[in-house]
Each structure stands twice: as C-alpha cells, then as structure tokens.
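With the hints as your guide, set chain W onto chain C.
Number of protein chains: 2
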Amino acid sequence: MTDREPLSTEPYKGVRDFYPEDWAKMNYAFDIMRTVLRRRGFEEYAASPLERAELYESKTSEEIVNEQTYSFIDRGDRKVTIRPEMTPTLARMVAAKRRELVFPVRWFSIPNVFRYERPQRGRLREHYQLNADILGIADAKADGEIIVIVSDLLRAFGAQDADFSIRINSRTLLSAAAQALGLSVDEVTAYSALLDRKNKMSGADFETERSAFRRSGTDPLELIEAGTNAEVDAELKKLEALIEAFRSHGMTNVVFDPTIVRGFLYYTGIVFEVFDTDPGNNRSLFGGGRYDNLVALFGGEPIPAVGFGMGDVTLIDFLTTHNLLPANITGAPDLFIGTPSEADIAQAQGCAELMRSRDVNTLVNVSGKSLGDQIKEAVRRKIPYFIAYGAQEAESGMVTLKILNDSREESISLDSLAAFITKDK
Amino acid sequence: MTDREPLSTEPYKGVRDFYPEDWAKMNYAFDIMRTVLRRRGFEEYAASPLERAELYESKTSEEIVNEQTYSFIDRGDRKVTIRPEMTPTLARMVAAKRRELVFPVRWFSIPNVFRYERPQRGRLREHYQLNADILGIADAKADGEIIVIVSDLLRAFGAQDADFSIRINSRTLLSAAAQALGLSVDEVTAYSALLDRKNKMSGADFETERSAFRRSGTDPLELIEAGTNAEVDAELKKLEALIEAFRSHGMTNVVFDPTIVRGFLYYTGIVFEVFDTDPGNNRSLFGGGRYDNLVALFGGEPIPAVGFGMGDVTLIDFLTTHNLLPANITGAPDLFIGTPSEADIAQAQGCAELMRSRDVNTLVNVSGKSLGDQIKEAVRRKIPYFIAYGAQEAESGMVTLKILNDSREESISLDSLAAFITKDK
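Going down the list, the protein sequences come from chains C and W. The first sequence begins at 554 in the numbering used here and counts up one residue at a time. The second sequence begins at 554 in the numbering used here and counts up one residue at a time.
Treat the hints as calculated values from the structure; they're not laboratory data. You can trust all of the hints, since none of them are fake.
It does not matter which identical chain is used: a pair holds within one copy or between any two.
Each computed DSS-like pair below joins lysine-lysine, with the alpha-carbon atoms no more than 27 Å apart:
1. K650 x K578
2. K929 x K694
3. K566 x K632
4. K922 x K935
5. K955 x K578
6. K650 x K694
7. K955 x K935
8. K650 x K929
9. K632 x K650
10. K955 x K922
11. K922 x K791
12. K566 x K650
13. K929 x K578
14. K694 x K922
15. K935 x K694
16. K955 x K976
17. K650 x K922
18. K650 x K935
19. K751 x K791
20. K976 x K935
Quick caveat: nothing in here was measured; it's all calculated off a predicted structure.
Here chain C stands alone, though its shape is the one from the complex (with noise of 0.2 Å):
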C-alpha cells in the first residue's frame, strides 16, 4: 500500500515483547505475589511510570541519576524521569496524604521499572519488580515481618529454605563502626560504596582500596569482626537476636553478613539481600532495607520504613534453575470446539456459550477446516480440550471429550464436561 521500506518488527533495545505464553508466566508470578501479600494485610497501590525528575536527584544512587536514568524535558518544560524504582514514589504518595492513612501502612505494588543501562551489558532496560513496605512501625518488629514475607514468598513459589540464603546486615552497625574508627560522612559513604562492589573485584583490588579505610590498621569490617568496641557490639547483638528469632520460627537460612551494604543511599537500618545457594547461580536475586528519613523529604516528622523490590528476571531465572516454574502454563483457553460442517457454527457457538457460562474459557472453529485439521489446530494452540459439536452431539447430549495432552478420549455428558473441564484447572 506504500512504496516505503517495511518497518522493523524489533521492540524498542532492551524491552521485552511478551507474547501470551511469556505474559501468562509472568501472570503466574504476579499472582503468587498478590496472594501472598494481600493474605498477609498487604494492600496493592500504582502510580504512572512517569514522574518529576527532582524525586530522584536527592536520595537515589548517585550512578543511576548521572547515568542510568531516561528523563527528558516535556513540551511544557517540565523535567520527566520515567521511573528506575518504586520507593520514591511510594514515599511521596504516603507523604501526600499522611494525616488521612492509617498507619502503619503496609502496601505492594508489580510496577514496570526503567534503567538506561548500556547495550553491551546485555541487561534489561525494563523489568517488573515486586515492592512490598511496611511505614510506620520503628523496631525490629517490622524487620522481623518484611524477611518473614521474602521468605513466604520464595516457599509460595516452591522454594526450599535450602535453596536460597537471606542475608542480613545493618547500615547502622556499620555507621557505629566507621564513626569507632573516626571517619568522615563521606568517607562512609565511600566505603560502603566499595563493600556494594566487593563481588565484582577481584580480592587484591578490594584489599588496596580498603586500606585507605583503616585506622590504626582497622577498617570497619575488621572492627565489627573484632568485638572490641561496646557499642559496635550492642547494634551487633540487635542484628542477633533478630536472626535468632527466625531460627525459633523454622527460617534456618537467614544469617549474619557486615559486607552486604545495598546501592541506594537512602537506606538508614538494617539491609539485606537474597542469595541462591545453587553453586552455578550464587549470586544476589534482589534485596532491601529500613529507610527511616526518605518519606521526610516531602517536609514532616519522619516516618520509619522498611520494605524490598524483587526484580522479575532475576527471579524467574531462579524458578528456572530449581525447576520450580510449572510446565503447563501457556495462557490457551481450555476447551476447543470443533464444527464437523460450517452450518453447526451457530450452534456450537451456543454450545460455547453454555460452556462459557461455566467458566470454561472456550473457542469455537470459524473456519472451514475439516475436523482432523481442527484437532491439529488445537494442538498447536496448546488447548487441553477438544471436542466436536455438531448435529449428532446436538441431538443426543453426549460428546466425546479428547484430552489432547494425554492423547486419549472419553464419552462425556455436555452437561458434565465443564465440571469435568474446570475440576481439573
């Protein structure tokens, strides 16, 4: 219709085209978090992906603002950020209405999250992320609940605690010790800086960098590791009794680790991130923290918070990995009806209609296929459930049922198929 060049068929670099197979394994996942959380009081919350630029330019990492975000100026001169994370938004909207919430609030969110990150890398420029927060509660107890819940999760997705480690430190015993040691604010934030970049270097590298960190021959790490100062000591045996406590509820696989810092500046408490133990995939899966002054920014007193964002790649390779994702998902509909002639559409459509009514999701052919051809469509389309309908099946109320998967067939009452069909769902 047009002389010019066909266009491309390529989605924009770094994004994904999620066809009904792919987004029906990522509504899988969804709903396994929805459940999740809503079972535990966890409210769902959204915002647009678009936001103003200055939420970002105060508290998020340095690297991501400089170089990782996508803003771009509107036709109205506003400066846009299409969101790299959840939490700033979430902030802002608890700070919004902070005398109408209840608190504490706990709230979810599956929002889309955006980074420039480069081409070569080879990583996503947009994924989802889980963000489960809980605001306004100021001890451990809300610690407690936010791992209580990473743990849930996995075990939802059938994860046992062997496969994965939950590893926690705190930003406030590593403050303790820095300050022991007598290091400047930036000197901290350095360090913590080099401790997030510890996996990626090799171990000489980190043994240079960190020595400019030591006093009297100590760095921070050495000090915490040492005992020997009272109150690096008592933030240490907070962290302690915390993990104790998961232990006598039956979560062996939480545990102490003063390297793990997090990349975000706004983190003020304790930090944490998830491991897989598989020896091929050791790496971090996702993570969080208590950020008690971020919601603050937005002008009030503070209002204590913890929370943490699971990424949806990083997670579904692990299902992958411990061959926890389920064969069968494919997003088809249930139930195929074939016409053995064009003139029994109309009422196999009826037929599907009935089905429908019982919650079978059902399609009927439209084409003048023969019924072998048929058969062979639904295959392809991955439909468990076949069956003819026409004047012979119309008049005695019996149909046979081919249960495609299985490659065998049953004799089946129409008005039972759909129990028969949804039982099975």
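Chain W only, in chain C's frame:
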C-alpha cells in the same frame, strides 16, 4: 536531614496516583475484562510502553504524532515514543511472528497509554485501555464477534442494553460514496476528519465546511442517504445484514450511523463507537474497527484485523453514571486480629497463619493500643471482620466475631471462622 526545600508530593502533571482503594476499583474492572475475554478464547499479551518512534509516523492520526506524543531521543541517539495507543505494537508483534503464530489470533491487553494533552483541557496524560483484536479473519464473522464482545463486556459490568448503543459505520461505504462523487484521496481524508469533528462544532459550521465536498449538490453522506448509487447501496446492505444478525441474537442496541469515522487513519472496513444513552452523559465511550493493511507495513502480505480499545476513564464514568460500581470495593484485608495485650501478639500471629492458610486476608495488631482502639483502627481501615485473640480464645477455641459494617457480633469456633468469612467474600 537536609537544608533543602521539601520535595513536592504532587505526581507529574496529568497522571494519577492510585491509592489502594482507587487501585482496587481498577483491579475490579481489569478482572471483569480478563474474565470476559478469556472465556471467549482470547489470550493476554503485553509489551513495553517504550517503542521506536517510527512505529507511529506512518499510520496514526497526524494530530497525535505531531502534537500529542511523548517522544524523546535516548542516550544512544534512538528516537523513542512512549506509546499513545496499542494497535501499532500489536501489529508489530504479530508481524514479527507471522510464520509461527496460529491464525486467527485472538489477543487482548490492558496497557497504559500516554498522550501529551494540553493541561487546560483537564484531560489525563495516561490512561489504561483494554485492547481486544482478532487477526486473520477477513469476513464479517470477526466484525460480528468483536461487536458481541463489546456488548458482552458492558453486560458483564451490569449494564442493560438500554444503557448504551453501538453505532456502526463502514469506511468502505464512505469510500464508495466518495469515489462515486469523484473526490480525491486527500478529500476523503479531509471529509472523514470533518465527520469526526461533527459533534464538536456548530451545525452551521458543519454545513459550511461540508459544502466543499459537494459534487452536483451532493456530498458522500447525502449520497448514502439517497440510496441512488448501486455500489454504495451494496456496501450499505452488507452493514444492514450485520446489524440484522445482531438483532436476531437479541442485541437491539446496534445501529447504523453514517457519521461515525474514528480518528485513526488506518481503518479500512467497519468502524464503530459505543455511546452512553444517558441524556446527561450522551457521548462516545470507546470504539474500534477493521484495519486490514496495518500489519503489512512491516512487510509481507496484509493480515486482516479488527478490534477495539476501551479506556478506563470513560468506562468508570459510565459505570458511575449508571450506578454499576459496587460500593464495597476497598482493597482492604478481610480480618483484623486484635490482641488484648502485647504478650498475645505471638499467639495471634499463629492464629493469623491458620486463617491465611485458609484464604483469609488477615492483619494482626502489633501495637500497644487498647482493644477498643484496635476496633476503631479496623473500622478506619474498612476491614469487615474483627476478632480479639488472647489466652482465653486460644484455650477455648471460640472467638467473638465482630461484623463491623453490620455492628453485630457472634460467637464462632476458630475452626469454622475462615469458612464463614470466605463464604461472604
């Protein structure tokens, strides 16, 4: 913690924050959409809101491309558009896998779409839009199926046929009339744009502009009404046959309206719009049509296609006008477990785990508030059920269930509590 001015809590101009109660209403609507479409054998797909800008440069309406898209250059010098509509993405995805997909394709999606609307119009810059499309069926069967789904959807939300009308026209009909009068392609486009603006201008202005398209005293609309041209009449009869088929299936609210054209340039066959029949809200709610040439822009043979897009804002307006939005959509948990004293919290959490394992969304008090204040908190949270759980309840296995929106209570065994609550949900 800083000296800077507090950050604003406002969202970016023209987009919405969805607090849990707002989002629960959206999820109510999304769930109905998903159920209706899946029942009819449609499968859900998704894609990123970031698209290559060229996707919109050929076939979308010019107003949208020039004035209303969010477009920017990324750090890698690529021109990016935040999608203003879903149909070009759908066409791209189908074109990309045209050799693997099983046709006809019946897909739906509920994307957020973005337009840079001028603020003074008070219109939103982001909204959600259900898109449902059938690709691979050239004849009127698919047109009919799409219109039936539109009707089915609104009925699923509780609407009666008297609450809305579906007004159908055909681009083919309009082209036949324009061609019979000798109008050029550009004139047909200009005439379509005039019809599209008809309801936004005075009758006198319409008559003035219309006169430019008269040949021998007749414009296309008048030629269609006159019924004097055989080819125009043949097209009209096809449309009337389709409408008659709906009537014989009990859909009495589908009518022919030759002034319906729709804004997008890519429509090639039927076009339709759904109108609210309420006198106070008599306007177009949403619409769709046939676009047989869009997929071919990506190369290869054309793939016939028909579908519609239904926006959340006009839908919720419609449901509100007709009193169809249930009042009890809050997003709140089902049950609040109060604790007589802080010593009871651990035991109450055990009780909560039991309730959660039985599908009850449960919140436990972890504060030191009095029981009276805990009940008040449950009411403010719009949680429908409350029990107190302490040593006495643990021992007897009996609890006093307060049904908060009824201000009544009853004694019930812990073992039957979950069934009582979920039966009501």
